[in-house]
Amino acid sequence: MTLTVEKLACIRGERQLFCNLSFRLAAGEALLLRGPNGSGKSSLLRILAGFLKPARGGIAWDGAAADDDTEAYSERLHYLGHQDAVKPQLSAEDNLLFWARLLGHDVAEAQAKVEDALTSCGLTRQRRLPGRYLSAGQKRRLALARFLITPASLWLLDEPTNALDAAAVEWFGGVLQKHRESGGLVILASHVPVPLPGARVLDLPEGKLS
Amino acid sequence: MTLTVEKLACIRGERQLFCNLSFRLAAGEALLLRGPNGSGKSSLLRILAGFLKPARGGIAWDGAAADDDTEAYSERLHYLGHQDAVKPQLSAEDNLLFWARLLGHDVAEAQAKVEDALTSCGLTRQRRLPGRYLSAGQKRRLALARFLITPASLWLLDEPTNALDAAAVEWFGGVLQKHRESGGLVILASHVPVPLPGARVLDLPEGKLS
Amino acid sequence: MHALANPARFLRLMAAIRPYAAAVAIIGLVVGLGWGLLISPRDYQQGETVRIMYIHVPSAWMAMFIYAAIAVSSAVALIWRHPVAELVAKASAPVGAAFTLICLVTGSLWGKPMWGTWWVWDARLTSMLILFFLYLGYIALWEAFDDPSRAGRAAAILALVGAVNLPIIKFSVDWWNTLHQPASVLTLEGPKIHPDILWPLLITAVGAQGYYVWILSLRVRAEILNRQARILRFSAAADRRAG
Amino acid sequence: MSAFFGIVMRDLRLGFGAQGAMMTTLLFFVLAVSLFPLGVGPEPEVLARIASGVIWVAALLAAMLSLDRLFATDMEDGTLDLLAQAPLPLGLVALAKTLAHWLTTGLPLAVIAPLLAVLMQMEGDAIPVLLLALLLGTPSLSLIGAIGAALTLGARRGAVLVPLITLPLVIPVLIFGVGAVDAAAYGLSAQPHLLLLGAFFAGAAALSPFAMAGAIKLALE
Amino acid sequence: MSAFFGIVMRDLRLGFGAQGAMMTTLLFFVLAVSLFPLGVGPEPEVLARIASGVIWVAALLAAMLSLDRLFATDMEDGTLDLLAQAPLPLGLVALAKTLAHWLTTGLPLAVIAPLLAVLMQMEGDAIPVLLLALLLGTPSLSLIGAIGAALTLGARRGAVLVPLITLPLVIPVLIFGVGAVDAAAYGLSAQPHLLLLGAFFAGAAALSPFAMAGAIKLALE
Amino acid sequence: MYWSSLGDFLAMGGHAGFVWPSFALALVVLLGLGWSSRIAMKAAEREHAEAKREARADA
Ligand code: HEM
Ligand SMILES: Nc1ncnc2c1ncn2[C@@H]1O[C@H](COP(=O)(O)OP(=O)(O)OP(=O)(O)O)[C@@H](O)[C@H]1O
Ligand SMILES: Nc1ncnc2c1ncn2[C@@H]1O[C@H](COP(=O)(O)OP(=O)(O)OP(=O)(O)O)[C@@H](O)[C@H]1O
Ligand SMILES: [Mg+2]
Ligand SMILES: [Mg+2]
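Chains as they are written, first to last, in the working numbering: chain A, 1 to 210; chain B, 211 to 420; chain C, 421 to 663; chain D, 664 to 884; chain E, 885 to 1105; chain F, 1106 to 1164.
Bound conformation, chain A alone (with noise of 0.2 Å):
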């Protein structure tokens, strides 16, 4: 499992962003983007989740380009961007129902996982709660939550402790350590410090690698 991206570089509305960008992760490590406003995080973030294309370079995972095989691709990732993408009127458990259900789990198996999420997330007492009531960091930690539903080899986040509490940033730091240590990737954008130990930095717009 490594990914590997090579001389990757982006334009947006005509104006180059980032260029030249090298970088290859291995089992189990991280990647945390930083860089000012506007440098380039979250592009760079939904060029490896195959939303954007990049203006030149590309992304390879185990030796084979992302773009031959768009879906095996896609399938192998997690995704959460500036949104929730928490449906204000679902209630919070009805919300992961949905996304197990999606990800190909048969009912039984998404009650307990959800069941389980839920559990972890600290939502329990507001599982039957439409979205729309939820605070902005329970929201936060629904969006999160979804990750816990299926495993996914690489997990690509922007900004995910905004809103978050304190609890909630060291409960998720347990849920990246876990999903490192099972061999999982991790990239992620952050401005504030996130618990994400032993991970490499990756400096936007310059690209510097440390």
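Please note: incorrect hints may appear among the correct ones.
[Claimed, not checked] Lysine-lysine pairs mimicking BS3-like chemistry, simulated, CA-CA at most 25 Å apart:
#1 LYS880/D - LYS217/B
#2 LYS208/A - LYS1101/E
#3 LYS880/D - LYS87/A
If you are wondering where the hints come from, they were derived from the structure by calculation, not from laboratory data.
Fit chains B, C, D, E and F with the ligands to the given chain A structure using the hints.
What follows is chains B, C, D, E and F with the ligands alone, placed relative to chain A:
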């Protein structure tokens, strides 16, 4: 210029978030709201902004109850919630211009104010970019730039530094400092450290002041 | 007024009234309709179909009366922030919709032998159809919110705005020429019809009022209990979390 | 005042810019009306007979097309919070948005209606009356529809909730509007109908700011 | 498959909310149709002539009213990102959403249309044909409208083009639909019209998944 | 009494097909509404009792 909050209680969805909350804020003072997710920070800010009716208790400005003249009260404050209120179709400049005109400035004045605000928040290069193309942090800067257009005595801010980079947080600290030096009040909710030296801290849901 | 604002006291009042309302409803409807079916004479023009009137006309009155009641209690709810008034309005709507439906269908059944068609798009009939839609829109708006206090006030505003339609229904017959006959009971000059027809009609109408109060007492009780159960549930969740 | 027109201008730009609301509404209107010659056949008497009714109903329905998002987008992105805080009373804010809605739907629709009337073989004398009646009537549609849009903010909306609760309320506009045109077509005076339309408009304009402000305040809680 | 129906079920629940939202669509449809007799007047012959046109226009409207937000809400709250990542091909995701849309608008509407046809004094023989034509035609409305909704998401500046493209595309449905019913009313065979409607539907169903997937991918860039 | 025989009564002067459905519909709608209201009230009473019991168990 003093804000007095007395025995405030908040009920949401028929359940009580906090009660018997009392504090007093004098000119130049700042109050930092802290507490776990769902403890009612945003709800308190919305009560203070006049959107939500408190279940019990009252708010007074210089001794005059806010309920008596809600218009005068709301003209005295600026509010920023979890959302940025940036229109995706309008350019950064036009977004600000709209608010400047709404706050009663004539065209030339509005132009000048917006110019200053854009320079201050560091978005001069993005001025013609439609809101939808701004990065998360750039949108947040734009939302904060709105505070610079017209002075208001009371600033209510809900996790304002989310998505801001280090430079922007520093800029924002300076803005807050200036506001307080000119006698303004600040009430701010946040999970992360904010540049608000000497602020008193209110812990929700207990309502303990320190 | 303030005595009624207290839900517990209102519940007790409703419980006290209920048996009397039920008695009025049963006696009124049985006597009125029985009289209308068995004793009162046929109409020299309309023949036996005139007996449909004993259902059609009281339901038409109730349909309009209940909408007015909803509008009034909505006003009370908005002005005095009176929680029970809101629930009275909510509980009335299905009853009003039911009477409107009865009026429409019986009118239609009456129209076939009298006018030779099930339905015509004249002012009176159409405005009654609109009243039916108003009821359904009002009910739909209540259902559309998760938060009952929000739903209540939004629906109250709608009910007040919709009250404009009532005079249009009432006076539609005078404003536009229509197949439907104009009012002969509820007029400024007083009733203009034969007492043998008038009496059973009035008794049925009183029975229908009793029925309304009876159902209202059941439904309001359900609404108040549901609301209180919700409060209990939510505050229990809060206590557990805080503790 | 400048704040009021600021909102109108902004909404006009938002309306024209991305959503193309005006184009959709106009197209729908033209399409709905021109369908009838196709469906009913080209006989001039039949067309002339139904022209006023068809044009009015199409106008009514077209106005509803764009209404349900009138306040919703502003609410979802937090703009409505700030508008409620503005120095302008909330009723006027809502009125400004309604005015922008009318300028992008009601007005173009009224302007293009005479053309459709000719297409529908309407009596020549009736056409100016149609224009006048639409100019008087469509603002009421926008005003009452806006109340519905404000009331359903934050509701679990079946997409057609707004028209469902507002259409019954605007039926008098339809009846007086058709009445005015038909009176003119039969050579009678359209004045009483037009006066009633005007009175309805005045009533709606006086009432709706309060209803809208109340409804929006509810939604912001 | 379970993923596909998961999307359908979720969209149905979002659309229905409480039990009542399918009712809302139906009521809107009934209301829209009953506006026409109000505008045109009660004469049965006139109503019978315009009945098919009226019912089709109302059906088109009910579809359009709900369509423009089909993908937009999912896009604004980030759900569309995740749907695009799901194990299901994006075209099928979009198709599932379209199916949910048709189940909440087209189907109930077709089912209740015969009742309205009776109220509108439509020829008895034409009524089964109306039902069949609506069942064949409304899916095309949903499919083509959904392409438009997806295109609006990605459209940068020239968003005004979108309604310009989609509305003309559904005109054939209206024309064949009305044609089928009118043919039956005049005692002619409705079959050619129905076949054309069916062919149109087949084409739309085959084409639209690709168009929708393409348009959505564009919008997610 | 107005009617001379039961058959007369049931025939309603040839309009039985209109008169009786009217009465039947009214009966069905009124009874149905009463019945469903009663069910709703019973359900609410149960729900309320249960919520109360849970609240007491928590305290
Ligand atoms: C669906 C069709 C019909 C509807 C919606 C309808 C509606 C109404 C309404 C709303 C009223 C109350 C009027 C008021 O108190 O001001 C009423 C009264 C009445 N209707 Fe109908 N009606 C329909 C058909 C008929 C038919 C076919 C007949 C008989 C030929 C009829 C005979 C009457 C009579 C006699 C009254 C009592 C008027 C009075 O004395 O005040 N209706 N109807
Ligand atoms: N379609 C577009 N056209 C023009 N410019 C664009 C477009 N999309 C994004 N941009 C620009 O691309 C730059 C990078 O945005 P991105 O969201 O990747 O930044 P970021 O590093 O995530 O910033 P933040 O820390 O604020 O989240 C921004 O300056 C933005 O204005
Ligand atoms: N209309 C409502 N009905 C029921 N519960 C609600 C409603 N609105 C909010 N809540 C609940 O109120 C609580 C307080 O929410 P609030 O947004 O004030 O929290 P917060 O302190 O800002 O949290 P965060 O740090 O996550 O932003 C939450 O638990 C939320 O679920
Ligand atoms: Mg970003
Ligand atoms: Mg908050």
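Against the structure, the hints:
1. LYS880/D - LYS217/B: It holds: about 24 Å lies between the C-alpha atoms, which stays within 25 Å.
2. LYS208/A - LYS1101/E: violated (31 Å)
3. LYS880/D - LYS87/A: Holds. LYS880/D to LYS87/A sits at ~23 Å (cutoff 25 Å).
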